[in-house]
Amino acid sequence: MDSSEAVTTHDSTVDDWTRALAESTGSPGGGAGTGVMLAIAASLTSMVAGYSEKEDDGGRAASIRERAQQLRREALKLADDDSTASRSFGAAFRLEPGPERDGAIRNASVEAAKASAVLGERAIEAIDDLAWLADKGNPALVADVVVAFGALRAAVAGARTNVSFDLGSLRSAGTSLEDVREQHPDLWANVERLTAALDRIDGLAARIDDRAAPTDSI
Numbered sequence: 073m074d075s076s077e078a079v080t081t082h083d084s085t086v087d088d089w090t091r092a093l094a095e096s097t098g099s100p101g102g103g104a105g106t107g108v109m110l111a112i113a114a115s116l117t118s119m120v121a122g123y124s125e126k127e128d129d130g131g132r133a134a135s136i137r138e139r140a141q142q143l144r145r146e147a148l149k150l151a152d153d154d155s156t157a158s159r160s161f162g163a164a165f166r167l168e169p170g171p172e173r174d175g176a177i178r179n180a181s182v183e184a185a186k187a188s189a190v191l192g193e194r195a196i197e198a199i200d201d202l203a204w205l206a207d208k209g210n211p212a213l214v215a216d217v218v219v220a221f222g223a224l225r226a227a228v229a230g231a232r233t234n235v236s237f238d239l240g241s242l243r244s245a246g247t248s249l250e251d252v253r254e255q256h257p258d259l260w261a262n263v264e265r266l267t268a269a270l271d272r273i274d275g276l277a278a279r280i281d282d283r284a285a286p287t288d289s290i
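So that you can map any letter, position 88 of the sequence shown is 160 in the numbering used here, and since no number is skipped, the others follow by simple counting.
Careful, some of the hints might be misleading.
[What the hints assert, rightly or not] Derived CB-CB ranges, DEER-like:
(1) F237 - G170: 17 to 27 Å
(2) G222 - E193: 15 to 25 Å
(3) R253 - E197: 18 to 28 Å
(4) D282 - P169: 50 to 60 Å
(5) P169 - A212: 56 to 66 Å
(6) R173 - T90: 25 to 35 Å
(7) T97 - P286: 11 to 21 Å
(8) T267 - K149: 22 to 32 Å
(9) S248 - G130: 43 to 53 Å
(10) L249 - G162: 20 to 30 Å
[Unchecked claim] List time: in silico EDC-like cross-link candidates among lysine to aspartate or glutamate, alpha-carbon distance up to 16 Å:
(11) K186 - D153
(12) K149 - D83
(13) K186 - D152
No lab work stands behind these hints: they were computed from the structure. We put the beta carbon where it would ideally sit given N, CA and C, even for glycine.
Build out the structure end to end from the sequences listed, making use of the hints.
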């Protein structure tokens, strides 16, 4: 595939998409990778939930599986949306210094932060279902749950970092961080929620690590 072509998660093989990610173009970039990690976490959640349905009389596993399958599709779309935002972000910084460049950076930075914030919120919403599977899902799939937690953590960490970095990029257009916090309180608060989510995921994964990796205790 020509590296100059736009690739999407829906129209590319894994090989094509990761080859495009490996190029120094930024589209796809880390934000799109965050979306793919969320899709992987959702896919593993769906798999474990499917294996857990027979052990769950209340129907929770089936509901988790349905939500996870929907999240997988949404996460891939968000990954592609981020690739589009990345192109605008890069184009803004390539403009000649001046008011037009400053305005383009402001718009591109905020839009990129919003795209990553949506991804982060979807990742946060997925924690409860994976936590339920960690406690009540099929115990034979506990290693897959830990892998899912790892992918979900990567998605949360990626979203947190990208929102924070994009907000920080507003300084290139002459805006102070204090002004950024006042002008974009929801995005600022999103970073704090994502930071807390990282701590929660770490705690949940640590709680089942002895079951997933028993040789570590020897």
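For each hint given before, does the structure comply? Return the numbers of the non-compliant ones in rising order. 7
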